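Protein chains: 2
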Amino acid sequence: MTDMNRRSFMGTLALAGLTPSALPFGPPARVGPGAGAGLQQAQPPADVTRSLARWIVSARPEDLPENVRKEARRTLVNYVGCAVGGSSHPTLDITVAALTPFGGPAQASVLGRSERTDIFNAALLNGIASHVLDYDDTHLKTVIHPGGPVLSAILALAEYQPVNGRDFLHAMVLGVETACRIGNAVYPAHYDRGWHITGTTGPFGAAAAAGKLLGLSEQQMVWALGIAAAQPVGLREMFGTMTKSFHPGRAAQNGLLAAVLASKGFTSTDVGLEGKSAWVNVLSDKRDWTEITGQLDERWEILLNTYKPFPCGVVLHPTIDACLQLREQHGLKPSDIERIDLSVHPLVLELTGKKTPQTGLEGKFSVYFTAAVAMVAGAVGVKQFSDEMVRDPVVVALRDRVVATVDPSIREEQVRAVVMLKDGKRLEKFIEHVLSSVENPLSDRQLEGKFLDLADGVLPPERARALLSLCWRIEELPGAAEVAAAARA
Amino acid sequence: MTDMNRRSFMGTLALAGLTPSALPFGPPARVGPGAGAGLQQAQPPADVTRSLARWIVSARPEDLPENVRKEARRTLVNYVGCAVGGSSHPTLDITVAALTPFGGPAQASVLGRSERTDIFNAALLNGIASHVLDYDDTHLKTVIHPGGPVLSAILALAEYQPVNGRDFLHAMVLGVETACRIGNAVYPAHYDRGWHITGTTGPFGAAAAAGKLLGLSEQQMVWALGIAAAQPVGLREMFGTMTKSFHPGRAAQNGLLAAVLASKGFTSTDVGLEGKSAWVNVLSDKRDWTEITGQLDERWEILLNTYKPFPCGVVLHPTIDACLQLREQHGLKPSDIERIDLSVHPLVLELTGKKTPQTGLEGKFSVYFTAAVAMVAGAVGVKQFSDEMVRDPVVVALRDRVVATVDPSIREEQVRAVVMLKDGKRLEKFIEHVLSSVENPLSDRQLEGKFLDLADGVLPPERARALLSLCWRIEELPGAAEVAAAARA
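These protein sequence lines are chains B and D, in that order.
Residue numbering for the first sequence follows the numbering used here, starting at 19 and increasing by one per position.
Residue numbering for the second sequence follows the numbering used here, starting at 19 and increasing by one per position.
These are computed hints drawn from the structure, not numbers from a lab.
Careful, some of the hints might be misleading.
Note that the list lumps identical chains together, so a pair holds whenever it fits in one copy or between two copies.
[To be verified] Calculated lysine to aspartate or glutamate pairs in the DMTMM-like style (CA-CA distance at most 25 Å, straight line):
| id | residue 1 | residue 2 |
| --- | --- | --- |
| 1 | K294 | D210 |
| 2 | K282 | D405 |
| 3 | K304 | D210 |
| 4 | K372 | D288 |
| 5 | K401 | E480 |
| 6 | K351 | D471 |
| 7 | K282 | E236 |
| 8 | K372 | E356 |
| 9 | K88 | D471 |
A quick note: this is a predicted structure, and the numbers were derived from the prediction, not measured.
Just chain B, same shape as in the assembly (with noise of 0.2 Å):
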């Protein structure tokens, strides 16, 4: 998640039945039930660890709503494809190079890789690589990225113990409920103060998902919820370096510990949560508590989960989308463009106005690079953000035609682009609603599409589609780790 991501799409919140809110730009609002009389709320209500324990301990799979299963499906498959694709990175390639002399006996998978280890080292690795290419899923209300940390922790484990399907998304959706409902208690106040959020919810994540697995007793979880408060993981200073992507990496694997710790009987205090020098009073200067145990069973956060159609920040996607858009209606090629003219949300050129990207990774940065590669390529998935692609003459030569102009009526979800060809016709997109907004969601097969382009390389393709068919079958598993071993190289 870089910083330009910061500021999202509000309208994906409807996906919960939530009205969103009016906002134009700037941080998410707080919207939703919990807002308003529970904001800055000073006291907590009594037993806010051991409320949200108790849910967690006692919920059942048969309660969880359709919607609420299904997008827990969308979120398996997009985390599997974003390990996946993730797995040859070479943040991958230094960690296993540098844990391999210390790692356990081979109880789990690391995603497209050919390496098992023991499960906290398989968490560690699954996280980091769910998390690097900038791909995996976003709860908008928080920025959190709840599949990373909960999905690592549980995949690893239901390889050592084994899991029903149905029983391992059952646990998904309470580590990704338990992870975002604590990071609406405290956003927007802690992630500004300079935390990623992603790793200092994630502990509380994986520990619930882990702990209900491991069946975890009500004072055991929380433990497991205390233990995990103890290590938050991650500064947003290190955004652009590799350790970002270790951040939801160690919080797998921090819940993972603190959930095995508690089901052996290792104590903690019982209000990790609300205690005066606990997680939320030392971790941040706003207290939401009713967002933490306020209508359990009624509100799902998964619902707010989205999935990026483009592997870089949001801010991007809309000229990304008005650009493969514009060349399908009309079937340009790069010789027949004089010019490129966006009219963008003012972010767009904040975050990224670089105008000669020189690698792959700046070329996320640079909305002009962006632009003329959607044009060039047709695609913008992870292999259009590499340094060939920054660096092709054809790409650039576009890349140097593109202007991009402020206009304060364009929303941050839109984009106008008008395209401006050597003939002397003028061709104009308007994106009101980007694609993963609200009113355009990824569908299922874009998903399927984005889960395919990530795993190609790294599995056969009939492996990958094989791969994909377990995810979205999950809950007929008679064992979920028939997804990790799947997802082996």
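Assemble chain D onto chain B, guided by the hints.
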């Protein structure tokens, strides 16, 4: 470290050649270089992290002053004693049971036990053991226990990658300096916010020491400090639970992991300490940058390290000191005593006012029990804080004849104890400077007594003495791992 140790004896500051402030009570005042001008500096000097990394990387063991080396040896003796003594604590048993199925190769020792495991698990376990008896070293200026995180990391590493004892001790000093300097920069605001400062600064200390032994380049050391910055551990809410001891253990592990990753090229920010969204700004409202990079090679924080004579909070130490002296000087028996009157500092009753403790742990929070057991047993070590002792009829009978009264003229490091004998005699002892204050430091012989008491029942006496000798002679050893091997049960 319990809350009651928070306000500590300042006299010891003079050990470092600093003038102890004349503060009466309350949190330690800022004394020594860096206070005053540097206090609350808003703008960091350039390259705080890099300057520190450069110092760590370029430091040479031959430049360490003898008084620093001597204090380092004392810190090592105290650490090994505490880890051996804590090795059979239930917290350790639970952790070993929980983690054994997932551990890596038998690379490193768990001090005082028979298990061997990978270096990361060994660092965790030894770090927990070093703290679990509340008997470890204390850097009084910040209440950091620096030995646990630093030594647990590098003692495990030394078993995997051989290092001579001189380099080992040097790396340890660098780690202690790193953790305590960073602690100075943020104390007391950081601690007051609720962080357990041993666990939050520990990763830096462990990363610095382990990185030194791994031969990191300056850039790698910068990264290691950055990776450490992303992993603070420990909230004060955990005090009184097993998770408190987990903090230094996990801190050791986090710092060791940071160093190992950085050694393979895992990148992080260049400004892990001073960046806008980096460790100091995010975790503290106070920033005294000169404490981190000022007077390198001149100011040595390890000279402020102290070693508890009794395994309980420091507020109880004057009372214990007085009772032990009275008993010895007058050959007192419990049956001789009609009553014990204590005039104490207010914190004594605030923190240890429990009248009828029921467990060994509760005994640490009872000045009544503690005075009685000192008088009955003639010693206050780990064994005296047992459930049996707390319930012993002779101790209980005397406990109920202890009267403690707050006297505003009594300073924290003082007590006035008056024993009324059944024959009508009145004996008085005024402790002006408690044992382990600067005017009355724990001698090497007393430290040895503490060590041997801790090792008693874990290692045979002759092995305990041999281990003690190895610790004192650390700088002569061709391999520092010899210490770990000798501490195996």
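At most 25 Å between CA atoms: does that hold for K351 and D471 within a copy, between copies, both, or neither? Classified as within; 23 Å inside a copy, 82 Å across copies.
When no copy is specified for K282 and E236, does a C-alpha distance of 25 Å or less occur within a copy, between copies, both, or neither? Within one copy only: 13 Å inside, 42 Å across.
For K294 vs D210, is the C-alpha pair at or below 25 Å within one copy, between two copies, both, or neither? Close inside one copy (21 Å) and across copies (11 Å); limit 25 Å.
Within, between, both or neither: how does the pair K401, E480 come out at a Cα-Cα threshold of 25 Å? within (20 Å within a copy, 66 Å between copies)
Should K88 paired with D471 be assigned to within, between, both, or neither, using CA atoms and 25 Å as the limit? within (22 Å within a copy, 61 Å between copies)
Within a copy, between copies, both or neither: which one fits K372 and E356 at a CA-CA cutoff of 25 Å? within (21 Å within a copy, 83 Å between copies)
Regarding K282 and D405, is the shortest C-alpha distance of 25 Å or less found within a copy, between copies, in both, or in neither? Intra 49 Å, inter 23 Å, cutoff 25 Å: inter-copy only.
Is it within, between, both, or neither for K372 and D288, if the alpha carbons may be no more than 25 Å apart? between (49 Å within a copy, 21 Å between copies)
Using 25 Å as the alpha-carbon threshold, which applies to K304 and D210: within, between, both, or neither? Answer is both; intra-copy 11 Å and inter-copy 18 Å each pass.
In terms of the numbered hints stated before, the structure departs from none.
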